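For chain D, the structure is supplied; the task is to place chain A on it using the hints.
Protein chains: 2
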Amino acid sequence: EFEYDAPSMKTPVPGPKSKLSPPPHSLFISQNVGAVNFFCNYEESRGNYLVDADGNRMLDLYTQISSVPIGYNHPALMKAITNPNNLTAFVNRPALGILPPENFPEKLIESLLSVAPAGMTRVQTMACGSCSNENAFKAMFIWYKIKERGASGPSAEEMSSCMINQGPGCPDLSILSFMGGFHGRTMGCLATTHSKVIHKLDIPSFDWPIAPFPKLQYPLEQFVRENAQEEARCLEEVEDLIVKWRQKGKPVAGIIVEPIQAEGGDNHASHDFFIKLRNIARKHGCAFHVDEVQTGGGTTGKFWAHEHWGTGDPADIVSFSKKMLTGGYYFKDELQPDKAQYPHLLSRARGLGTFCAIDARDDVTRDNLILKTRDKGVLLGGCGEMSIRFRPSLVFKEYHAHQFLNIFNDVLAEYK
Amino acid sequence: EFEYDAPSMKTPVPGPKSKLSPPPHSLFISQNVGAVNFFCNYEESRGNYLVDADGNRMLDLYTQISSVPIGYNHPALMKAITNPNNLTAFVNRPALGILPPENFPEKLIESLLSVAPAGMTRVQTMACGSCSNENAFKAMFIWYKIKERGASGPSAEEMSSCMINQGPGCPDLSILSFMGGFHGRTMGCLATTHSKVIHKLDIPSFDWPIAPFPKLQYPLEQFVRENAQEEARCLEEVEDLIVKWRQKGKPVAGIIVEPIQAEGGDNHASHDFFIKLRNIARKHGCAFHVDEVQTGGGTTGKFWAHEHWGTGDPADIVSFSKKMLTGGYYFKDELQPDKAQYPHLLSRARGLGTFCAIDARDDVTRDNLILKTRDKGVLLGGCGEMSIRFRPSLVFKEYHAHQFLNIFNDVLAEYK
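Protein sequences, first through last, are from chains D and A. 232 is the number that full-length UniProt numbering gives to position 232 of the first sequence; each next residue is one higher, with no gaps. 95 is the number that full-length UniProt numbering gives to position 95 of the second sequence; each next residue is one higher, with no gaps.
A portion of the hints provided could be inaccurate.
[To be verified] Listing some non-contacts, in silico: residues in chain A with all C-beta distances to chain D over 10 Å:
1. Ser8
2. Ser130
3. Met187
4. Lys200
5. Asp202
6. Val224
7. Gly298
8. Val364
[Said to hold, decoys possible] Below 30 Å or equal to it, Euclidean Cα-Cα: the simulated DSS-like pairs (lysine-lysine) are:
9. Lys79/A x Lys107/D
10. Lys10/D x Lys196/A
11. Lys332/D x Lys79/A
12. Lys416/D x Lys17/A
No lab work stands behind these hints, which were simulated from the structure alone. None of the values given here were measured: they were computed from a predicted structure. The beta carbon of each residue, even a glycine, is placed where N, CA and C say it ideally should be.
So here's chain D without its partners, still in its complex pose (with noise of 0.2 Å):
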């Protein structure tokens, strides 16, 4: 067994070591200096063990804010994180938006794709908790605009008012939080948490609306009827707030919620108000955000907590940090804005099954896209004044699909 067998306490805690005079930590800690336990010996620590600077040794039932996932120093870990195959990225700094490793698709679907929630086979990597979220928060932003916009790009006053952070390119849209909720401290996360007092002074925020979370009577068998009312209360709270920002001219853009509040209190709700609420989201157009990064990764019994819920499509955005070993998020494919490229010589894409057809810029655009794509092996067709068909047979397979796609970027890419 690689462990201890019990506590051991040597000095009340924090021992003398924590207490050492200058304190070190004011080094280091630029805005809670209060908040530090003790110092740690992260060397010995073993297992569930967590061994302190003065030799104390305690049962950690807190495991750093819930993020050790299989006890201090697994071998297994250790191991992995001293192969120097697994080093490159710590070393070599890749920026993955644009020169990703070779191995990295195969390594995500071996590991992170391989969990992945109902529904999804994407997922962005980030950091840390705060920037999944923060960067999710964006993804459904960017989703939502897109959708109000149509196929047509941003127009020129929201290509230059974004630059000066005003609308209509900075818009004013929102995301409904929850009391109780927490989802991060950066700045956006920041305006969809409301935990603790410390958390939130004296840092500008965002008028969003925030909806009251469950408190569910206990136990949970004597209060059925009250905690069904509760929940019914709340979910009526989240449509009238939703509503309420559509008519501010602030509309909700994306609901987010932990599948239990953590630093909140411990906070739960039963799977019948999260899919009732996700329900909510999709009737208003909203994205659906589940934050997984305390309780995903195997703690609640399910490796994710969503899975509880037992509904095959419980989100639009899954996103985890901690456990997981690092953070990031799971999108659904209508999540990325790849319909988005080359406004400036396609648009009104439409199709039933593999009908389908574009419209070029006008009918020369159109008349020289075809010519080219066949120049490069692949036939389209025209119709209409300026659009091209698709009207492949019935034996087209996907792998068709990206070969003709690959083949069609590249001339839209060197189109002039």
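Here is chain A on its own, set in the frame of chain D:
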């Protein structure tokens, strides 16, 4: 020499392995699928040479957006990172703000603090550049509000309103930034970023002041007068904006600037410009934050680009990431809000030299604190209605002050 001799191209770029069908990067890129240049072979890359998935070997003058300090797979870095003693943080995920490793202060003193900017002896580490800037903004907001409130703690109204994103608890403070600036893409940072439409479009922002950055004419020797006028114009605009935003009820808590605007176009300004800007910040009670995420780490010829300005007091906060292989920010003592401790027991800290005093909540509390502190081995005095006075000898040293503070902190923490 741990390196290749010369570039060696086998295919056009992107080559066949970077143009796979279906495109593998759509699995892991949420917001800008079109940005992937090509897939890389980081294991074969060495020194100044990046090797791609098709075996093309390129002299890399971009280094992952300026993030690779001493080349790919440098033996010294590989050695440091395969040392098990250095891996504990990756496996054990310490929450540094509450349970720091016992050797963390020492490691920081040896590493990050050994290259601290002039006037700074503290550093807060962060996972990336965006998080560093986000938290630096928060440090400036908190510092500004504590300055405003004086020694009294937050009001009941501030504490309740902040929980729901409202003023006064969430104040309308602002950060002044420059057109062409880039400070990251999470929502707070993004409000100070004005580089490209694709970074800004469709993301809600803050109404913060944005100043023009000097557009210098080259060659510099030929346009001395014009450039001096241009810089003076921009500095005047900075002051006008600070005054205007104060009148609007959104006072500027801090100014952020890069020593050379990178993403925005490699825009330079004279040392004189930055020194004057720093003085404008001081004059108007704003903190001054220099973003060295891209310019830091030696690339400009000095460790920090701001060292070229030749002043002993360049900034209040200096943020970093990229080449430093971790994110974070250095900060001046005044930005650490430890004066806010125990506001329910203490207030009105005042003094000159060691002739100091502090008020207790009332006379009974003052008397009790003095007695309890004496029980733990420190003698204090009282004066006035509810004050504690300090009158140490002229051979009283800093470590004596820390001895006292540790004991007094225990008394205050236990006091009911």
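Taking the hints in turn, this is what the structure says about them:
no.	hint	verdict
1	Ser8	17 Å, holds
2	Ser130	6 Å, violated
3	Met187	3 Å, violated
4	Lys200	4 Å, violated
5	Asp202	4 Å, violated
6	Val224	30 Å, holds
7	Gly298	15 Å, holds
8	Val364	25 Å, holds
9	Lys79/A x Lys107/D	24 Å, holds
10	Lys10/D x Lys196/A	58 Å, violated
11	Lys332/D x Lys79/A	40 Å, violated
12	Lys416/D x Lys17/A	26 Å, holds
In summary, the numbered hints that this structure violates are 2, 3, 4, 5, 10 and 11.
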